[in-house]
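Residue numbers (numbering that gives the first Met the number 0), protein chains in the order written: chain A, 0 to 109; chain B, 0 to 118; chain C, 0 to 116.
No wet-lab data here; the hints were simulated from the structure. Any given hint could be a false lead.
[To be verified] Listed next, with one range per pair, are the computed distances between beta-carbon atoms:
no.	chain 1	residue 1	chain 2	residue 2	range
1	C	102	A	11	42 to 50 Å
2	A	108	C	34	46 to 54 Å
3	A	98	B	78	43 to 51 Å
4	C	73	A	18	35 to 43 Å
5	B	55	A	74	16 to 24 Å
6	A	28	C	10	44 to 52 Å
7	A	0	B	59	23 to 31 Å
8	A	6	B	64	41 to 49 Å
9	A	61	C	108	53 to 61 Å
10	B	0	A	98	53 to 61 Å
11	B	96	A	60	27 to 35 Å
12	C	38	B	24	40 to 48 Å
13	C	100	B	113	21 to 29 Å
[Unchecked claim] If you only want the chain B side, here are some residues facing chain A, beta carbon under 10 Å, derived:
no.	residue
14	41
15	42
16	47
Computed from a prediction, not measured in an experiment: that's the story for all the values here. Cβ atoms here follow ideal geometry from the backbone N, Cα and C, with glycine treated the same way.
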Amino acid sequence: MIRRLLALDGVLAVCRFRDDGAFVEGLGLLDEEGLRRLARFAHDYKRMVQGNADQLSMFTGMPGWTPPGGWMVRGRASSVCSVANLVCIVDNGEANLKEVMDALAEAAHW
Amino acid sequence: MSLISELAAMPGVIAAGEYSYRGDRYVCRGRLDDEDARRASIMCRATTMGLHMQADILGGFCGEGCGLVPARGWVVRGPRFTVCVVANVFCFLDNEAGALNEVLALMRERLADAPTDLV
Amino acid sequence: MADLDALLELPGARAAFTFNDRGELREHRIAEGAEGLDATVLDLLCHMCVANTAIATMQARGWERMTGMEGFYPIEGFGFVGLEWSALTHGHCGVVLANDEADYEAAYRALAARGEP
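Excised from the complex, chain A in its bound form (with noise of 0.2 Å):
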């Protein structure tokens, strides 16, 4: 299901991985190796950014932050986006980042 969104413009390699961090599926202009540090980094920040988000909410008090829907990364010229259990990395000249952002909500919940 993940090549529907390898099909997106400027999407370079998306991966899946499981809840324990495990490498479940990937594809794109990265080797094996390749993708299964990507799953491993997603889901490191994704718990990151989990336990940043906890924190903006305990500090500001402000309902909405918790649990985080996603988050991004941007380089120069790539950039790494990822909802719930899906990563993807994507070219910032070629990707439009609503696009990926929506079609990444949707296929976390195929």
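Assemble the complex: chain A is given as a structure, and chains B and C must be docked to it using the hints.
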């Protein structure tokens, strides 16, 4: 005596506690009220999660014999207070007492076999 | 300028280094026999310490405003405790110490005295 109680009784220790990696439980002994202990456990857990991810990346670059990884804990030092964490145990210290060496030594010794998979 | 050679005299010191606000390694010394350490590892370590100092600064700000317990802000240093070695930073200066030989209090004092370039 549990490690938490032992740490809390050491000179210079303001409070010591433990949190679950899932974030659903915490215990704390010392001079933090229950709400502050909960906040402290949320903050310490968040930093620990981030640190382990960073240390895993660092490990990919460390050569044979490098003693930096895997991560065991961290220390944050402010002007009056220090927070130190090993595994899932945290300690708030008063800098004036100069207790960091003793506290970290005890934590490292007693938590040497603590699992590092954050579960 | 931090005297890195003097920092390397600290008990258990394996490396001493300075870095900029972004975490990029500027100067470094690595002790003889400190296997597995090189400029690449130290550069990544500096980025890690800068990142965590920023997070700790946010936490200290939030904590002090919420609890009134002042004494964490501004964060002076972040330390990473690894399996056998630790990395301590203060300002823009840091050291890697062997845990079994480390005197953390002395290291923080030395870094505080020399830490700001």
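The hints, checked one at a time:
1. C:102 to A:11: 42 to 50 Å: holds, 48 Å
2. A:108 to C:34: 46 to 54 Å: 49 Å Cβ-Cβ, so the 46 to 54 Å window holds.
3. A:98 to B:78: 43 to 51 Å: For residue 98 (chain A) and residue 78 (chain B) the Cβ distance comes to about 48 Å; the hint holds.
4. C:73 to A:18: 35 to 43 Å: Holds: the Cβ-Cβ distance is about 37 Å, inside 35 to 43 Å.
5. B:55 to A:74: 16 to 24 Å: holds, 19 Å
6. A:28 to C:10: 44 to 52 Å: holds, 48 Å
7. A:0 to B:59: 23 to 31 Å: holds, 30 Å
8. A:6 to B:64: 41 to 49 Å: holds, 46 Å
9. A:61 to C:108: 53 to 61 Å: violated, 40 Å
10. B:0 to A:98: 53 to 61 Å: holds, 58 Å
11. B:96 to A:60: 27 to 35 Å: holds, 33 Å
12. C:38 to B:24: 40 to 48 Å: Holds, since residue 38 (chain C) and residue 24 (chain B) (Cβ atoms, about 42 Å apart) stay within the stated range.
13. C:100 to B:113: 21 to 29 Å: Check passed, 22 Å falls within 21 to 29 Å.
14. 41: Because about 5 Å separates residue 41 (chain B) from the closest Cβ in chain A, which is inside the 10 Å limit, the hint holds.
15. 42: This interface hint holds because 6 Å falls under the 10 Å limit.
16. 47: holds, 8 Å
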